[in-house]
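J.: Residue strings, one per chain:
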Amino acid sequence: MEIYEKISNSLKSVKEHCPLVHHITNYVTTNICADVTLAIGASPVMASAPIEVADMLKLSSALVLNIGTCTPESIKAMLIAGKTANENNIPIVLDPVGVGATPFRYESVMKLLDQLKITVIKGNLSEIKCIAGLNTKSRGVDSVDLDDHSPGIATKLATQLDCIIAITGKEDIISDGDHTYILDNGHILLTKITGTGCMTSSLIGSFLGANKNTLISAIAGISTMSIAGEIASKRMNKLDGSGSFKRYLMDAIYNMDSDTLTKEMNIQHV
Amino acid sequence: MEIYEKISNSLKSVKEHCPLVHHITNYVTTNICADVTLAIGASPVMASAPIEVADMLKLSSALVLNIGTCTPESIKAMLIAGKTANENNIPIVLDPVGVGATPFRYESVMKLLDQLKITVIKGNLSEIKCIAGLNTKSRGVDSVDLDDHSPGIATKLATQLDCIIAITGKEDIISDGDHTYILDNGHILLTKITGTGCMTSSLIGSFLGANKNTLISAIAGISTMSIAGEIASKRMNKLDGSGSFKRYLMDAIYNMDSDTLTKEMNIQHV
Amino acid sequence: MEIYEKISNSLKSVKEHCPLVHHITNYVTTNICADVTLAIGASPVMASAPIEVADMLKLSSALVLNIGTCTPESIKAMLIAGKTANENNIPIVLDPVGVGATPFRYESVMKLLDQLKITVIKGNLSEIKCIAGLNTKSRGVDSVDLDDHSPGIATKLATQLDCIIAITGKEDIISDGDHTYILDNGHILLTKITGTGCMTSSLIGSFLGANKNTLISAIAGISTMSIAGEIASKRMNKLDGSGSFKRYLMDAIYNMDSDTLTKEMNIQHV
Chain A
48 MEIYEKISNS LKSVKEHCPL VHHITNYVTT NICADVTLAI GASPVMASAP
98 IEVADMLKLS SALVLNIGTC TPESIKAMLI AGKTANENNI PIVLDPVGVG
148 ATPFRYESVM KLLDQLKITV IKGNLSEIKC IAGLNTKSRG VDSVDLDDHS
198 PGIATKLATQ LDCIIAITGK EDIISDGDHT YILDNGHILL TKITGTGCMT
248 SSLIGSFLGA NKNTLISAIA GISTMSIAGE IASKRMNKLD GSGSFKRYLM
298 DAIYNMDSDT LTKEMNIQHV
Chain B
48 MEIYEKISNS LKSVKEHCPL VHHITNYVTT NICADVTLAI GASPVMASAP
98 IEVADMLKLS SALVLNIGTC TPESIKAMLI AGKTANENNI PIVLDPVGVG
148 ATPFRYESVM KLLDQLKITV IKGNLSEIKC IAGLNTKSRG VDSVDLDDHS
198 PGIATKLATQ LDCIIAITGK EDIISDGDHT YILDNGHILL TKITGTGCMT
248 SSLIGSFLGA NKNTLISAIA GISTMSIAGE IASKRMNKLD GSGSFKRYLM
298 DAIYNMDSDT LTKEMNIQHV
Chain C
48 MEIYEKISNS LKSVKEHCPL VHHITNYVTT NICADVTLAI GASPVMASAP
98 IEVADMLKLS SALVLNIGTC TPESIKAMLI AGKTANENNI PIVLDPVGVG
148 ATPFRYESVM KLLDQLKITV IKGNLSEIKC IAGLNTKSRG VDSVDLDDHS
198 PGIATKLATQ LDCIIAITGK EDIISDGDHT YILDNGHILL TKITGTGCMT
248 SSLIGSFLGA NKNTLISAIA GISTMSIAGE IASKRMNKLD GSGSFKRYLM
298 DAIYNMDSDT LTKEMNIQHV
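Protein chains in written order, with my numbering: chain A, 48 to 317; chain B, 48 to 317; chain C, 48 to 317.
Keep in mind the hints are simulated off the structure, nothing from the lab.
Hints are supplied without guarantee of correctness; some may be wrong.
Any copy, or any two copies together, can satisfy a pair, since identical chains are not distinguished.
To be verified - Straight-line alpha carbon distances no greater than 30 Å define the calculated BS3-like cross-link-like pairs of lysine-lysine that follow:
| id | residue 1 | residue 2 |
| --- | --- | --- |
| 1 | K105 | K310 |
| 2 | K62 | K203 |
| 3 | K239 | K105 |
| 4 | K105 | K164 |
| 5 | K259 | K239 |
| 6 | K53 | K285 |
| 7 | K281 | K259 |
| 8 | K217 | K105 |
| 9 | K259 | K130 |
| 10 | K285 | K59 |
| 11 | K158 | K203 |
| 12 | K164 | K217 |
| 13 | K62 | K285 |
| 14 | K62 | K158 |
Using the sequences and the accompanying hints, generate a full structural model.
T.: Quick look at the structure:
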């Protein structure tokens, strides 16, 4: 099947090109996001001062914007970096963490979507619904389960915003408007450590930085995290908990290869 | 003994209700504080922009204020969030990290105590003495050993501020003014990694978010950390050091159950 | 050989004096920098608000300045803290992360060098060349390999700035202008996790805080990291990756003793 070959090649491309991935992100998960970027074979840079983001961006191959602990200052930096990215055809991942939780987050995301051309938006169902203007009850940065309407929401929003929409959850939905896929990998332990969502955005950014195909990059980034979660869960011993899982997860991402990724991937076109 | 049953139930309540715990905290230990909140069964949110903390707070069940890397801006956010917490009967933990180290920290903590009703103050003996107006020689954010006067200091300050005072150290003292307990659990390795104090505040916040009894919540939070430290220390092998201990500690918190917590707890009423 | 004895004593001195090491650093690696400072036997403090850095600095024995995620505000704090350090004869380590990547970083570092007396500058070859006014093509915060001209660059810049210059890479060059050493320890895995460079600066700061000999402190700090990397690499098992290496590395630093350090050190005077 053609898609497996594309996914396989996309990982090889990351390791070959080692793209520099610029993050403007929250201060909770910065370290593990930098680590996961290195683990997959890319290179992270985390500058976020408005005064220098445009200069740093010009050296980069992808931009990751994450509003987890956003401030007016960091949104300003995101807009400057995003415009530079658009001008230089550098792809942008947007992780709208908890967009529905506060008016400030909602207005900030609307501003980013209004002023920037985003390549991939990755969020949980609450966050994507909120962006789509649908009612949702957000509880902080938590998610809700997918439902039968979710693929339709992804497809419609992808068409409307002309970008890739990725809804992550127990299953993941990824759509470019024309093609919509459901991924069924992952493990419950991925919800027991902080930042697996943020790390997934870093992985998508890493794939985007080395590949032209944006749909494949989103699928590959999300699958890498989900399948690494499955692999990591198999190493868990009796006394192990979330601390050990975090280590095993990073190990599994570091050791991920094209064969494992495509062999373990459970993907379906809808 | 009645207290053991209360402690036991308090942990079950955290896992049942999964309270959202809002942190305005330092940027050194944010990640492990978020991880420990997940590990005990609660859910963390770390927003700290003054513009959105009130909105975020309204979704939360507890607030943790930690001045480890405070700035005028973060103190402003703490005051806004704290007032919203008070108005909505949301409990507040204050961790006055290094309050005696600089005038800015001292004045900031005095402002917080003046304008907010704090539920639990958790600090080492230097920090609590400083708040109580007693002479102390603070050295950065380090602690000093407890002495015979410590229970009296805790009891008096708890009465004066009408809150729970928790003094952590080799032994821990927890008082609501009427009842004062000494906990004798823990392990020296807990002082060899960063953030065990901050994580303890996150644990107290997690218990407070799911339980009405504030004294029990403080005891349960501190005991969870101390006993997890003991459990973690037993997994240490020859080549292991502080890196391994950190992993084992998070594992032990993740696996903590009511039986272990109450069985291992070494508590004494004074 | 005399230098081995000096190195050996310098580690003992850290463990004996437990110096307080003040960091004004990036938000990506703060946690592991604090952990590594504890692991070697020193004590970290990370305050960075301009309003309090001078007060905090007065309690400290060394200052680490790292521009990894610098802002105009953090540079302001570095200048205040640095001047206090100079007035009180407290040694300063400068880690000019990605100094060549943006004009803001370059100008900030020039300002720091102009207004402060720095004790040790530690950077990769790109960064040191940039400070020396030599052409270099920086790519974000990445490094380039050393070449035959590198010892000369270190020696010349050390003389010019009257400080220790440490160029880290596959091999490390350390010079005070009069004496120049090449260290040949380390492991490729040290480049696969975030922050080994930042942690090295924290280690140099820890040694400086407990020792008067600045050249020996720089050598000891860098060697500790490189040799710990070698030790950590030997624990790697089949399923292990960068997550496990990070743990083993911290363990190895925690367990480092004078005998291991001097026995494993591969040092050469040039």
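J.: For every hint, state whether the structure bears it out.
T.: Do the hints match the structure? See the list:
1. K105 to K310: neither (36 Å within a copy, 45 Å between copies)
2. K62 to K203: neither (33 Å within a copy, 37 Å between copies)
3. K239 to K105: between (36 Å within a copy, 24 Å between copies)
4. K105 to K164: within (17 Å within a copy, 33 Å between copies)
5. K259 to K239: between (33 Å within a copy, 25 Å between copies)
6. K53 to K285: For K53 and K285, the Cα distance is within 30 Å only across copies (28 Å; inside one copy 38 Å).
7. K281 to K259: Neither. Shortest intra-copy (34 Å) and inter-copy (39 Å) distances fail the 30 Å Cα cut-off.
8. K217 to K105: Intra 36 Å, inter 27 Å, cutoff 30 Å: inter-copy only.
9. K259 to K130: Intra 19 Å, inter 49 Å, cutoff 30 Å: intra-copy only.
10. K285 to K59: For K285 and K59, the Cα distance is within 30 Å only across copies (21 Å; inside one copy 35 Å).
11. K158 to K203: within (20 Å within a copy, 50 Å between copies)
12. K164 to K217: within (28 Å within a copy, 41 Å between copies)
13. K62 to K285: between (34 Å within a copy, 20 Å between copies)
14. K62 to K158: neither (34 Å within a copy, 38 Å between copies)
In summary, the numbered hints that this structure violates are 1, 2, 7 and 14.
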